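Visitor: Protein sequences, first through last, are from chains U and A. So the first sequence is numbered by the UniProt record's numbering: it starts at 1 and just counts up by one. So the second sequence is numbered by the UniProt record's numbering: it starts at 1 and just counts up by one.
Please note that a few of the clues may not be correct.
As the list claims (entries may be wrong) - Quick look at which bits of chain U chain A covers, simulated, 3 or more residues with Cβ under 8 Å:
#	segment
1	438-445
2	449-463
3	524-530
To be verified - Each pair of labels, with its calculated beta carbon distance range:
#	chain 1	residue 1	chain 2	residue 2	range
4	A	160	U	480	58 to 64 Å
5	A	101	U	125	49 to 55 Å
6	U	125	A	28	24 to 30 Å
7	A	454	U	521	29 to 35 Å
8	A	28	U	238	40 to 46 Å
9	A	84	U	454	21 to 27 Å
10	A	454	U	121	28 to 34 Å
11	U	457	A	211	34 to 40 Å
12	A	84	U	121	40 to 46 Å
To be verified - Every beta carbon over 12 Å from chain U, so not counted as near; a handful from chain A, in silico:
#	residue
13	143
14	175
15	340
Just so you know, these hints were derived from the structure itself, not from any lab. Here the structure is a predicted model, which is why all the values come from computation and not from measurement. Don't be surprised by glycine CBs; every beta carbon is placed ideally from N, CA and C.
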Amino acid sequence: MDDVLTVKIDRHGLSRSPGAEPLRAGDPPVIGPYRLLGRLGEGGMGTVYLATAPTGRVVAVKVVKAEFTQDENFAARFHAEVDNARRVASFCTAQVLDNGDAEDGRPYMVTEYIAGVPLSRQIATYGPLEPGALTGVALGVAAALAAIHVAGLVHRDLKPANVMLSMSGPRVIDFGIARALDATQGFTRAGELLGSPGWWAPEQVRGEEVTPATDIFAWGCLVAYAGSGRRPYGFGDAPALAARVLNTSPDLGSLPAPLDELVRRTTHLDASRRPTAQDLLIALVGGVAPALSPMDAEASAAEMTVTEALVTGVWAGAWEPPPSVTSQPDAAQVLGPPSVDAVTVGAPSVPSAPSPGVDPGDVARRAKKIRLLAVAASAVIALTLVLGGLITLSGGDARGGEAAAAPPGNTAPMKEAPVAVSDVGRRIRLAGSDTQLLVPQRPRCGLPTYEDTASRRGGLCLVRWTMVNLGGDLAPVSTVPPRLVDDVGDEHAADEASTLLPTALVPGGKVDGILIFDLPLRRTPMKLVLADDLEVRL
Amino acid sequence: MRLLRTVPAVLLLVTALTIPGTALAQTGCSSAGSADFNGDGLDDAVVGDPFADVQGKEGAGVVHVLLGAGRSGVLVLQSPDAASGDSFGWSVRTAHVDGDRCLDVVVGAPYSDGDGSRDAGAAYVFHGTPSGPPKVTRLFPERQPDAHFGWSLSAAELPSGGALVAVGEPHADRAGVSDSGAVHLFQVGDIAEASAIITQESEGVPGNSEIGDMYGWALALGHLGGRPGELDLAVGVPFENDDGAGRQVASGKADSGTVGVVFDVQAARGRYAGTTLRLDRSGPDTPESSDDRFGYALDYAEWRGDGFLAASAPLADTAAKDSGVVELFVRKGAGEVSPLRTFQSESGELGGWSLAFWSPQGVLSLAIGSRMTSATDPGESDVLRPILPQSPGAYGTPAVPYTHVGAAADDVGGRSALEPGAGLLVGLPDAGPTGSVAVLDRGASTYRGPGTIDGGASADFGAAVAG
């Protein structure tokens with residue numbers, strides 16, 4: 001019974017207290033009042049040590065690299081950000097306990113030490129998570145992001161190594177200093193991009209403003225990785241990964257519903273089209289298809305009522321210990337997976353996810369966020385019970401690995417019909433005609449070659465089309481040479497190897513074709529122009 | 001007479017059948033519901049996805065069987081002959097064709113190539129089964145390029161056992177006449193037997209095969225005035241011109257359309273009798289004009305001992321140009337089908353691109369689908385307007401349209417729609433990137449999406465529905 005939600009834990013890693021590598025020659029014995037015990041990790045930003053506080057409590061101390069401190073305003077920014085980070089509710093993160101400056105002037109931050117296994121090591125050692133545990137991790141990380149975002153912060157470096165599978169559930173660590181670092185040494189100025197290659201969002205690579213939506217993108221990549229065991233952008237050096245992030249869709253593998261849909265939405269290349277962490281929580285806990293614009297005040301009251309009712313439902317049974325979980329549909333099954341393009345009908349889509357906390361004048365919104373956070377908290381407490389339970393069970397039982405009942409495909413009921421904001425998958429009737437045009441799938445982009453065509457400008461984008469005449473007459477099709485409009489408004493002509501639209505179609509006739517466009521790096525297709533009055537939003 | 005081979009199907013089992021609700025499936029078909037593909041006692045919904053990719057074949061098409069109308073997972077059916085561009089799932093209908101109680105599914109693939117004939121078309125019967133790959137029976141005609149066999153389907157059980165399956169081939173060139181159209185009949189049981197090909201040149205069938213008539217565009221089998229117990233066939237001919245008797249080309253009222261009824265279609269064995277239904281004969285309020293396309297969509301229902309036929313003219317001019325009309329006919333004894341009521345919109349577009357009878361609150365009602373959205377007016381179109389009789393026998397006025405915003409319906413219906421308490425299945429192929437279906441039940445809508453396709457993706461889920 002317990003197999004359904006089993007997370008296999010490296011018991012040696014867990015039991016090896018304190019679970020850190022020995023200190024190295026150059027490491028200081030103390031930082032501030034904290035006595036260092038060992039090294040927990042090292043990254044581009046600094047080193048994390050295991051240490052004991054004067055009170056005897058075991059903590060994690062993160063010290064940034066000396067090079068960052070050359071910027072004289074850095075320390076002030078760092079401490080300001082850490083002060084912000086201390087506001088973040090700690091139920092699914094590592095609580096920030098202290099901050100200060102080391103003897104050599106490097107600023108440091110002290111957090112709660114989370115004993116557990118990083119998600120990255122778990123996957124590398126044991127392979128992808130099973131659906132139940134995967135949903136648990138997805139929910140826990142979404143809750144952590146909700147808490148971080150409500151506090152007005154952006155994690156900026158969410159990746160599997162920064163998610164700890166602990167006895168008390170998944171915890172997101174290592175947030176709160178990236179923003180200070182980013183302001184010092186952004187991608188465009190120093191050529192070094194903060195965050196971690198392979199887990200970047202497109203806007204991060206482009207050097208654009210990093211918003212909570214950036215973390216959401218990383219959530220999608222992380223969940224896809226946890227569910228498939230494959231890195232969504234594969235391996236490679238930073239420039240190669242950056243190019244992939246800009247030009248290709250991540251490989252999301254095969255995930256159980258509703259995670260498949262949620263992950264697809266969260267990895268949308270357009271940051272404004274991604275759901276928020278609160279949307280994810282609602283979708284994962286309650287089955288309410290998230291509105292794309294959660295800040296829409298109109299959406300609030302009913303949604304909250306539903307959410308709270310559903311969270312109550314969670315308490316009432318859906319997250320009871322494994323026996324009942326196995327005998328009834330996985331909670332994931334009752335969720336409403338929103339369409340990737342679902343929007344609230346009539347609600348204008350917000351251009352980008354607003355940075356929470358920058359709008360203090362709106363008391364009502366603030367209150368709503370806090371209430372949502374409470375929802376998130378209760379969800380996470382419920383989750384924590386489950387995960388904590390299973391790890392314990394797993395400790396005494398080497399099994400685990402039998403597949404859980406797969407949630408049914410994409411068939412969870414939805415309250416609203418999905419609405420297309422692109423024309424992909426939608427039949428477009430040509431004006432004054434019974435001829436219909438369909439672009440059945442999203443464009444495939446970033447290809448170096450396709451058949452005999454090679455990209456000379458960056459990557460090939462392939463746009464498939466199908467045209468069918470459902471009328472009784474020969475239908476003339478008046479077209480212009482096909483053009484693809486990219487995200488910066490540039491137009492691209494179709495390659496000669498493209499299948500052009502027919503000039504006329506007999507009754508009942510159907511033609512399938514493919515248009516090939518050569519786009520520069522970092523461009524995404526937005527619109528296909530086939531005639532003066534025939535445009536296809538991609 | 002030709003015996004058609006029965007072959008094992010390729011079935012993609014998308015959803016593990018270990019989840020509750022399908023556990024009963026192991027017990028066979030004996031406890032199957034009335035529209036139950038896998039015999040678990042729950043009625044299933046069948047949804048075509050004709051432009052889906054599957055196993056790397058672009059546009060081959062699949063059919064999704066929503067078990068328990070989506071509550072118990074999804075089976076994805078693909079053609080045993082799947083090839084790119086087949087449009088398998090363009091049309092779907094259901095019937096009990098074999099001896100078990102599991103529902104069987106008939107699927108059209110009108111753009112399937114065969115024997116070197118491009119877009120000749122094919123149709124298949126998938127035999128419902130509690131577990132394992134379903135058996136598939138191929139329905140193939142003599143292959144003719146661009147004939148689009150499988151464009152339309154109708155299926156009905158025969159009193160002698162098995163079912164009669166009618167397959168439309170509207171772009172067939174018959175008697176040397178381009179796109180004159182044909183209907184193929186198959187008697188299907190454990191095996192299938194091609195029993196007749198009907199055109200407007202068949203003896204006793206009203207009308208003539210003229211260029212571009214597209215006989216067989218829409219089909220409905222039912223009891224419409226032939227001998228009791230025998231099946232009659234209504235055939236939509238929406239591109240027929242009203243040009244008087246004999247064979248003409250491009251004269252009279254172009255594409256005004258007709259519905260031809262062939263009585264005792266199976267028993268007649270080539271010597272038919274029939275009648276023609278036209279818009280101008282249906283009532284004083286419904287003037288016929290060019291491009292009405294009467295016969296574009298058809299549906300048949302039996303209700304309290306009467307046989308009803310609904311036929312649409314989606315481009316008839318009533319409240320506004322091209323606003324559409326739906327005619328309701330009733331069987332009036334031997335050899336007679338009478339107009340009963342005309343439905344037209346008070347304002348705006350009625351539609352009629354798809355039709356389905358159903359019975360919300362135990363009254364016979366008609367769901368009328370709107371057309372697909374246009375490039376210039378995307379997004380906002382009605383899905384259906386159930387028309388509720390005011391009292392039994394009165395078949396009253398059109399009710400307030402039941403409108404769905406933001407989606408288009410291409411097909412509505414469902415075999416179980418006339419069952420007490422059953423919902424209506426509405427295809428919304430343009431909803432979202434993959435399409436969706438709505439199950440309407442007592443005023444509430446539940447939307448369902450497609451199953452996961454092995455090596456492919458949905459594109460037009462909901463283009464055809466049955467249940």
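Visitor: Next step is simple, just say for each hint if it's right about the structure.
Guide: For each hint, the structure was consulted:
no., hint, verdict
1, 438-445, "holds (count 4)"
2, 449-463, "violated (count 0)"
3, 524-530, "violated (count 0)"
4, A/160 - U/480: 58 to 64 Å, "holds (59 Å)"
5, A/101 - U/125: 49 to 55 Å, "holds (50 Å)"
6, U/125 - A/28: 24 to 30 Å, "violated (45 Å)"
7, A/454 - U/521: 29 to 35 Å, "holds (33 Å)"
8, A/28 - U/238: 40 to 46 Å, "violated (59 Å)"
9, A/84 - U/454: 21 to 27 Å, "holds (24 Å)"
10, A/454 - U/121: 28 to 34 Å, "holds (32 Å)"
11, U/457 - A/211: 34 to 40 Å, "violated (49 Å)"
12, A/84 - U/121: 40 to 46 Å, "holds (43 Å)"
13, 143, "holds (16 Å)"
14, 175, "holds (18 Å)"
15, 340, "holds (28 Å)"
When held up to the earlier numbered hints, the structure conflicts with 2, 3, 6, 8 and 11 and fits the remainder.
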